[in-house]
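Engineer: First to last, the sequence lines map onto chains V and P.
Numbering-wise, the first sequence is residues 1 to 351 according to the working numbering.
Numbering-wise, the second sequence is residues 352 to 642 according to the working numbering.
Where chain P lies over chain V, by a calculated footprint (3+ residues, C-beta under 8 Å):
1. 124-135
2. 144-152
3. 253-266
Hints in this document: simulated from the structure, not taken from any laboratory.
Quick reminder that beta carbons are idealized off the backbone N, C-alpha and C, glycines included.
These are the residues of each chain, in order.
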Amino acid sequence: MKGIIHNRILYGATLVLLFAILFLFNRYGTDYQIRILNNMAIFITLAVSYNLINGLCGILHLGPNAFVAIGAYTSTLLTMSPLEKQMNYIITPLMWPLSELHAPFVVSLLAAGAMASLFAFLISFPVFRVRGDYLAIVTLGFGEVVRVLCNALQGITNGPLGLKGLSPYTTLWWSWGVAAVTVYLIARLVDSSYGRAMKAIRDDEIAARAMGIDPFRHLLQAFLISAFFSGVAGGLLAHLITTISPTLFTFFLTFNLLIMIVVGGLGSTTGAIIGAALFTWGGEALRVVESPIGLGFVTIPGIPGMRMVLFSIILMVVILFARRGVMGQNELSWDTLSGWLGRLGLRQKNQ
Amino acid sequence: MQQLINGISLGSLYGLVAIGYTMVYGILRLINFAHGDLLMFAAYTAIYGITLFTMPWYVSFTLAIVLTGILGILLDRVAYKPLRDAPRISLLISAIGASFLLENLALVVIGGVPRAFPRPALFDKVIELFGVRIQVLTLYTPVITVLLLLGLLYIVFRTKVGKAMRAASKDFETTRLMGINLDRIISITFLLGSMLAAAGGIMWAMKYPQVNPFMGVFPGLKAFIAAVLGGIGNIAGAVIGGFLLGLGEVLIVALVPELAQYRDALAFVILILVLLFRPTGIMGEPIIEKS
Chain V
1 MKGIIHNRIL
11 YGATLVLLFA
21 ILFLFNRYGT
31 DYQIRILNNM
41 AIFITLAVSY
51 NLINGLCGIL
61 HLGPNAFVAI
71 GAYTSTLLTM
81 SPLEKQMNYI
91 ITPLMWPLSE
101 LHAPFVVSLL
111 AAGAMASLFA
121 FLISFPVFRV
131 RGDYLAIVTL
141 GFGEVVRVLC
151 NALQGITNGP
161 LGLKGLSPYT
171 TLWWSWGVAA
181 VTVYLIARLV
191 DSSYGRAMKA
201 IRDDEIAARA
211 MGIDPFRHLL
221 QAFLISAFFS
231 GVAGGLLAHL
241 ITTISPTLFT
251 FFLTFNLLIM
261 IVVGGLGSTT
271 GAIIGAALFT
281 WGGEALRVVE
291 SPIGLGFVTI
301 PGIPGMRMVL
311 FSIILMVVIL
321 FARRGVMGQN
331 ELSWDTLSGW
341 LGRLGLRQKN
351 Q
Chain P
352 MQQLINGISL
362 GSLYGLVAIG
372 YTMVYGILRL
382 INFAHGDLLM
392 FAAYTAIYGI
402 TLFTMPWYVS
412 FTLAIVLTGI
422 LGILLDRVAY
432 KPLRDAPRIS
442 LLISAIGASF
452 LLENLALVVI
462 GGVPRAFPRP
472 ALFDKVIELF
482 GVRIQVLTLY
492 TPVITVLLLL
502 GLLYIVFRTK
512 VGKAMRAASK
522 DFETTRLMGI
532 NLDRIISITF
542 LLGSMLAAAG
552 GIMWAMKYPQ
562 VNPFMGVFPG
572 LKAFIAAVLG
582 GIGNIAGAVI
592 GGFLLGLGEV
602 LIVALVPELA
612 QYRDALAFVI
622 LILVLLFRPT
632 GIMGEPIIEK
642 S
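All chains should be built: construct the whole structure from the sequences, respecting the hints.
Structural biologist: Quick look at the structure:
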């Protein structure tokens, strides 16, 4: 009991420290730094919720871009004022009930999550009838279908033109607040009997079934929760970039998320956080390779697109040689940290 | 009529590419996501052979097909072979990674500007058949597909290598115990599948003469769906699935033009329906779960 309270204090302190850092950046940081921190928080939310499906349940789901797209469009359609909507929809006017709806940012985010969950619920029946490679390709298909629909349903999404001039509601507080809530809730879920059931399904579905676990129910649960947070993150993303179009939500987005959770360690929530943070930071740091480098007498021209090559290579190297990623399936917590410190101390004593 | 011929032509391209998927899946139980990118590689090699090295088109095409076959073997050696005993999810992620690597490497090396494919004059003629004007290429494509299919079926069903391939797709471990060098068989599978993909890629590039680093993505996905439709693991089924998918796409757009913008989504809808109602495809045998 004492340990639990002790832990809670430590986690609370971590959170306070995090928000203190954010406060400092919010006040003294440049726009660029704030932008990167926002991106990082959104990617953490996405990676942690994506990891719930891929890492915890062990099913390769390749369509989170669909959830993000649905979340982004839902929340955008709610926060834009009727006047802004008229300005945006030049070719095909927006459908009637949507054109009048207007809601505050919070409501729009919740609605974004709810819509993504609803979509996840609808596709779950065909998706969970298959497993393995088929599931991967079916979810990839749904991701593609949503993108095609975003392009085609001009009365709702404004088609390929996208939506421009959204209000930049997403601040550091919003993005990191959502990220913290997501991490907390998903960590609680993973630690509960539901989380253990999901891991059991991942490790051996037939054995899990024999123990009385209903795979469909648990997978559906994970799928809905993951979709909800992906949708919310989509809403945040839309109000961060302030411009959305179907090209934003291609398979490319899914690929990036996949890199994050694989590098962090499939099945580890803290791993997903580390992966997302590394990816965002690395993506910015690697801009160097795309800009010209001067060496005094010769100039190496920058190679655009080189970053993606490097990321692909990193993914391949991790999956081929270090399949456990940074964290494996372990979690980083104050307990493990103090365990490490303890062992370190012991070793020194022995010497 | 015009549409029917177009559909068959498109379908035979899907079929050619689908064979590669189905062969690899039959043996390794893996969706080779990078298969579509082999199309792109073949198309670029053919272009460079013709424009840069001024080779006659038949030399250039042969070279492209051979090089793509070698790339296929390399792909297996680098990305899949180290993961033979790993969980399936790792293999799939590796495949996706390989696919993105090939695409982005092409983007960096060649650049994202689409290039025109120099179509040999032989395929450029337009003839009149049953009162409709048709490009010869459209007629050649299905013929070439059927010829290649017959050749492949001969290899698979009449030679020792083919026998070993069929054995490996039935039972991996036992085949190994029978003294068959599985790595060699898998390499040959990748070689054959990639060469067929290369043939498909070159014909695709001649049909739609726009070559860019991402050209292989959609044909690849659709060919995979064709393979599932025909019953994965079944070579003839892959071609039939390809024909059906190609015909379906062309005919639906021809009959209901409003659906044209949903064309790319159609294949996935077909896939989902097949998996829901007949997961083994048209010609597939019942799937036995391998643990």
